[in-house]
Amino acid sequence: MRQTDLEFVRTCLDLENRQSQQQELLLEENQREIHTLRESQVLEYQMQTELESVKAELETQRQEMEQLRLDLQDSINQLQRNQQERSITNRNNRRTTFKWFIAHPVRSIINTLNTLKNLSMERTDRKNGRVGHYSYIPNESYKKAPAVEKRTSQMRLKRRESELDNQKKEMVQKTQICSMVSDLSNPLQAPESSQLPLLAEAQ
Numbered sequence: 001m002r003q004t005d006l007e008f009v010r011t012c013l014d015l016e017n018r019q020s021q022q023q024e025l026l027l028e029e030n031q032r033e034i035h036t037l038r039e040s041q042v043l044e045y046q047m048q049t050e051l052e053s054v055k056a057e058l059e060t061q062r063q064e065m066e067q068l069r070l071d072l073q074d075s076i077n078q079l080q081r082n083q084q085e086r087s088i089t090n091r092n093n094r095r096t097t098f099k100w101f102i103a104h105p106v107r108s109i110i111n112t113l114n115t116l117k118n119l120s121m122e123r124t125d126r127k128n129g130r131v132g133h134y135s136y137i138p139n140e141s142y143k144k145a146p147a148v149e150k151r152t153s154q155m156r157l158k159r160r161e162s163e164l165d166n167q168k169k170e171m172v173q174k175t176q177i178c179s180m181v182s183d184l185s186n187p188l189q190a191p192e193s194s195q196l197p198l199l200a201e202a203q
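Letter by letter, the sequence shown follows residues 1 to 203 of full-length UniProt numbering.
All the pointers check out, no bait thrown in.
The following label-pair restraints were derived from C-beta to C-beta distances:
1. ARG18 with ALA56: 49 to 59 Å
2. GLN73 with GLU33: 52 to 62 Å
3. ASN118 with ASN93: 27 to 37 Å
4. GLU24 with GLU59: 45 to 55 Å
5. LEU51 with GLU24: 32 to 42 Å
6. MET155 with GLN84: 54 to 64 Å
7. ASP165 with GLU85: 37 to 47 Å
8. LEU13 with LEU51: 55 to 65 Å
9. VAL172 with ARG91: 22 to 32 Å
10. ARG38 with ARG18: 26 to 36 Å
11. ASN30 with ARG10: 29 to 39 Å
12. ARG86 with ARG62: 31 to 41 Å
13. ARG32 with LEU72: 56 to 66 Å
Cut-off 20 Å, straight-line C-alpha distance, at most; resulting in silico cross-link-like pairs (EDC-like, lysine to aspartate or glutamate):
14. LYS117 with GLU161
15. LYS55 with GLU66
16. LYS55 with GLU44
17. LYS117 with GLU163
18. LYS174 with GLU163
19. LYS117 with GLU170
20. LYS158 with GLU170
FYI, nobody ran anything at the bench for these hints, they're computed from the structure. Built from N, CA and C at the ideal position, the CB exists for glycine as well.
Given only the sequences and the hints, what does the whole structure look like? Please build it.
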């Protein structure tokens, strides 16, 4: 009877030991799961924080892009306004040039050409020893002319040459103006074509 009691006690102890071991194993497993869950929560928190940071950065970039778009649109509008202003200014300048051209018809240019031609012929005649339309042959009496008369003649020649140069410059300016007028539209070119008979008449 005593032996039987001992065996029963041993059996109970073994059972308790096994149950205790199983409980320890379950406890360890639960601890591992809790640790894993905590790590997952920490990782989720980190990912959520990074996601919020990325969202904030994307929002900042979106605002910057929107501001750049607005600035670009403002620049385009300003360029268009400047282009319109330049176009209006050029149109006004062309009108002013055309009015000037109308106020100074081609006849005045033809007269200037004739004057330049006459002055050039006169200067050529002086170099060739002629005065006006008459031939001039130097002789001893001319060589003995007073120095004052020679200086006066030289001054007169220089003055005429200066006038010739000035009229040449004026002719160049008028030619440039004619070129500008020729670039105008067809309605603005009509007066120029009406002056062609004057050119033919002058020639």
